[in-house]
Structures are given as C-alpha cells and as structure tokens.
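Asker: Same order as they appear, the protein sequences are chains A and B. Mapping to our numbering: the first sequence position 301 is 892, numbers consecutive. Mapping to our numbering: the second sequence position 328 is 919, numbers consecutive.
Keep in mind that the hints are not guaranteed to be accurate.
Which copy? The list can't say, so a pair holds if one copy fits it or any two copies do.
To be verified - Calculated pairs, DSS-like style, for lysine-lysine (alpha carbon to alpha carbon, straight line, at most 27 angstroms):
| no. | residue 1 | residue 2 |
| --- | --- | --- |
| 1 | K825 | K916 |
| 2 | K695 | K786 |
| 3 | K783 | K947 |
Simulated from the structure, these hints should not be mistaken for laboratory data.
Number of protein chains: 2
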Amino acid sequence: MKITTATKHFTSPLYLESGRILEPYDISYETYGELNEDKSNVIVICHALTGSHHVAGYYEDDKKPGWWDSLVGDGKCIDTKKYFVICSNVIGSCFGSTGPMSAKYPSSELYRLRFPVITISDMVKAQISLFDSLGIYEAHAIIGGSMGGMQALCYAVEYPHFTKRNIIIAATHATQPWAIAFNKVAREAIIKDPKFNGGMYDIKEIENNGLNGLAIGRMSGHISYLSENSMQNKFGRNYVETEGLYELFGRFQVERYLDYNGYNFSKWFDPLSYLYITKAINIFDASRNYDSLEDSLSHIEGKLTLLSIKSDNLFFKEEMEQIQKSMKMIGKSHLVDYNCIDSDYGHDAFLVEVDKFTSYISKALK
Amino acid sequence: MKITTATKHFTSPLYLESGRILEPYDISYETYGELNEDKSNVIVICHALTGSHHVAGYYEDDKKPGWWDSLVGDGKCIDTKKYFVICSNVIGSCFGSTGPMSAKYPSSELYRLRFPVITISDMVKAQISLFDSLGIYEAHAIIGGSMGGMQALCYAVEYPHFTKRNIIIAATHATQPWAIAFNKVAREAIIKDPKFNGGMYDIKEIENNGLNGLAIGRMSGHISYLSENSMQNKFGRNYVETEGLYELFGRFQVERYLDYNGYNFSKWFDPLSYLYITKAINIFDASRNYDSLEDSLSHIEGKLTLLSIKSDNLFFKEEMEQIQKSMKMIGKSHLVDYNCIDSDYGHDAFLVEVDKFTSYISKALK
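Please work from the sequences and hints to get the whole structure.
Answerer: Structural data, given as structure tokens:
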C-alpha cells in the first residue's frame, strides 16, 4: 500500500461560519493507494474528536497502526488496491492542520484562545479546499464515525454533488445535552487546571507531563465511549491485585484503565484543540442554517448509509433513526440504508469491532 | 410534626470491616413524630451519597426543606402522625457524624487521610449502635434510595430480625464498573486539584470558594443521576441566551445547570467525605463476605420491596432484578415485591418524582 503524508499551505482565506476568517491555514493529510486516471476512485475518510489523518499503516517506530487500519488497506474492506483513500486532519486539531497552537500570521505568536470557534461545516469546507487543490472534485464515497459521521452528513447536505455515497457511523443529526454534558466535564476539568493557565500553558511541560485536567476529561469521554456491558465484560468488579481493598486509593481495574488511558492521552493531545473540537461537536446541528432537519436533508442527492450502534451511549441509535425518519418524511427513503449494529462495545464499536460494519460498508461502496 | 435533631457521642469502639477501629465516634440524627409506647412505629430512613439526616421539614432560614420532605411528614406517605421516623448521618459524611474532618482522639488534629476506609456495612453497624443507645431494637420498616438502598439491603442480610420490611430503591447488589467509572472521574478531579493539597486543604477556603475538583466531580455525578431523556426534556439544545454561539466559552443550558449545581455543591460538601463515601459505594458488594449473592440473601427473613427506575443510568434496573432472581433461586420469591418505576427522570426519580413511588411504599408499610 502506497502511503503519502503531506501538509498543504493555503494563502487564500477560509471564511468560517462564525463570520471570522482563517488566513492562511494548513491542512495535513494522508493518502493510501493511487488515484486512478479519471479520478473516480477517491474515498474520503473523516476522523473523530481525537483522531488524525493517520488512518492506516505504520509510521517508523510505531507500535500501533493508524486508527482504522483494520478497515483500510490492500485487500481490506476499503481496498487500497482499488481506491485512493484520503483523510485530512481537521482544522482546530493538533496534528499538523491549523489549530489554536498554530502561529497567528504574520506574527509568530500562537493563536491560543484567539483562535476562532470552528464548526463541523468549517472542517468540511477546509477539506473541500484541499481536494480542490489536488484537482479532486468528486469522491466515490465519504465515510466517518462519530464526529467523522457528522462531517459525512455535512458533506451530504452542503456538497450534495461531491459524492453519491455518504457512510455515516455512530453520529447524530444534532448533538444532544447528554453528550454536551460529558464534554462539559472535560472542558471544565481542562479550564480549571491551574497549569492550563488561561490557555497560556507551557507546551513542553504538557508534552512531558500532560495536563491533569485533560486526563480527567478523557476519562469522562471514555465512559461515554464504552457501554455498561462492555465495562462489565472487560473489567467486572475485578480489583487491581496489588492494591488493598481497604486502601482509600486502591483501585478497581476499570479505574486503572481510566488512569492509564487518561494520563497517557493528556501527553499526546492538545488541551486547546480539545476545547475547540468539543465546541464544534456541541454546536453541531445539521438543521441550524435551515428551517428544520427535513429542510436541511432535502438538499441531499446521494445515498446515505446510516450505521448506528445498539449500545452507543454517546450518540443514541434514536438520533440516527431521526435522520432516517426525516428522510422518509420528505420522500427520500429510497436514498437511505439504515442499520443498527448489534454490538456490546458502545460508541467505540466502530473502532474496535470493525468486522460487524464491513458488510454494510462494502455494500455501500458498490 | 415534631422534629428532634441531636448528636450522640459513643465512647465504645466501632469495629470496622477493614479491621480498623473507630473510637470514639459521633452520630448525628434527626427524628420526626413520636415513638409510641411499645416502640413499634419506628421507620429508619437511610440517606444517599451527599444526603444528610435532615430528611423533612425546614430549619430556620431554610429555603428548601429536607431532601425527602415530599415523602415524609404529617399525613404524607410516611406519616409522621403515625410513625416515628429516624435518619442518621452516615459515618464518613460531613454533617455531624464522625468523618475524615473529625478530630482524631485524643488529639485535636483532624483525621483527614488517616481516617479509615468505611463500608456500607460499617455505616449500618454504627446506626445499630445508635438505635441500641435509644432503646430501639427493631423497626417497622427501613427505607432508602441509591446508597440508602444499599444500606437497607445490608440491614436485611446482616440484621435479619431488625425489621420485617426493607424498602430498597434505585440501588444495586454490587456496584458495577460503570458507576465506579463515574466516581473515578470525580475522585480524580478532587485529588488532582492543587487546593486539595494531599487532603490538607484549608477548610475556610473550601467553605468560602469551594473546590473546583469537587465541582467537576459533582458534574460527572449529575450525568449519572439524570437520563438522556430527562436532559432532553429539561434542556434540549437550548443555549444560554446572553452567551454567543461562536464564543468558545458560550454555554448550552445543560452546561449552565452543571456549573450552577457543581460549584454550589463544592461549597457545602466536604471533599474528603466525598472520597470516603464513594469508596464505600465502589466496594459495596452484598456477596463479599459470603460464597455468593444467593448465600448472602439466604439470611434474609424480612420482606424486600425492590423499586428500580426504568431510566436509571447509574444503577440499572437489571441490577435490582438480579436481587429478585437470586431470591427466587433460593426459594424466597414470596419475600420479594419487585417493581420497575416508569419514570424518565433517571436515577434522581426517587427524589424528584416521589409520587410514582408512594403507592408501592404505602403497600410495603402495611
């Protein structure tokens, strides 16, 4: 599989939904496979909150491959022998695309809290500018889970001719208060950490030691990514063997898991990016610039493959079903293929139980 | 309604499950109504994590009555004209009973982190010593929700002759990893707040300004106390009108609710008590000192009234059903009356939608 990693610099302005302008800006992206002659084999992948453009394969010294390696590769469900796959890091993130820790041109000072609030729609708009620059004006398909699914839905509504196949996994038409509440705990934990220092934190210090607030926020996130059953199966009430039951800080295995993942995460993800991206997720509402959800969806011309997860505790299956229902209300049922994946893994299922999704994705790609 | 508030001082040792000893110790309690001549009209109420012995009625200058005022009072479901109701503050808490911020006798220094880990069983044992001192050797009924329900179950197993009627609401037979994870976020937020200072925090400072970590922890708790539907109905996607959608720190109403309740809470509850009581909840397992849950429940001789809440996201109804199933396995079905309350309010329903519980409670008290 041929992998290319690059960062594209744009000097033209990106007009944001808020009315503010991002200029200049960078987009980092990765491609897999080769673009065919008539450019008809492009598949766009959109990543989630803490994801990156590194979808598949290994970087040098990597212990783990990209985040959707089980789905994307030579001979895999998204077959890189056949398709030219591209994923870009969303603006606002911290893996090469312009975000709050980028320099605010023309100075060399970082944006930090002066970075504009961005939306899912802004992320997609930036991606379209990247594709334009690559001479790509349409895609065979777009696919994404969680925040990636929001982007895929946004493509379908706002760029109805860009692709005929939108695969939306474990997402929602509009973020509900339950999900906003989980983000709130994380956002508050970050902001109130003294080391956050009003956004003026010491980058080296965070890279070396992490930010406790971000770790605690990640723990809150993990609860919403798992399900009560997956926690039950994975941890049960097992206690860490070397710790005492009657020690105040003795831990259950589920606590050790949250510690490990929370504190590790806080060393590799940027706190301000976490604030900006969760803000984008919170304010996502496919109907915002329309009279109603139905009005919004009426712009769709491509096929929607909607895959919800039965045990998803972040974006409930009913939220995906609402998209299906609204499409039905406007006489577009024929454009929708909805399936609920029977997995116990909760929201994370689209990352950890990929084999339950492949048949639906393969069908959608045909 | 006659209300009495008192604190009883015990100089005898309280032998804890951990092997440690609490000596001396205090228990604060409140009573409602009057004890009848043959002491046959006692109802014991057990409070939840952040509750207190102040169940009903108003203190001077109080804006709100006690936490279960809608259930307890003259002519109410738990009728204080008829019953003598007693509720005590659990040991480990911060409303008068001995806890981590009590002086470690004989010094005047506070326990803080030297306080022993306590269990639900220890809380109940301390209550029994209080009742002994009052000459009360049996109760007409015991009732509690959430952690109060754990105590009621503990009474049924460990003091099977103390009462014939155990009413257990929105609790579990053993705390599951999902609930432990919510507590983990809270515990971590508290411990990592620099003002917590390894447990040596400045009491006055906390009383005046609260502890951010405890506020964040309370927000995590609130998510588990509500349900996705109750949040949907209460807040929807409504935004705080005076805040900007494209301001990074602009808030949805659900965020404002969490801010308000979190930061208020952190001024009236003690951080160390929160750590000790969540530890007691985490390690609660009715089967721990027995071969199995069935073995544990086989000691029960009184009637169990089990009331779960359909939308409870903290202690799922399946956990209450497990108690029913295990009782059936050991041929004690006749002692169980299980009902699932159809409420959208989530775990909090037993506090906010009391009228859905009253008919079951009245029946159980007969």
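Asker: Indicate, hint by hint, whether the structure satisfies it.
Answerer: To see whether the hints hold, each was checked on the structure:
For the homomeric pair K825 and K916, the shortest alpha-carbon distance between copies (23 angstroms) is at most 27 angstroms, but the shortest distance inside one copy (35 angstroms) is not. For a Cα distance limit of 27 angstroms, the shortest separation of K695 from K786 inside one copy, 22 angstroms, qualifies, whereas the shortest one across copies, 34 angstroms, does not. Proximity of K783 to K947 under the C-alpha cut-off of 27 angstroms is found in neither arrangement, the shortest distances being 40 angstroms within a copy and 39 angstroms between copies.
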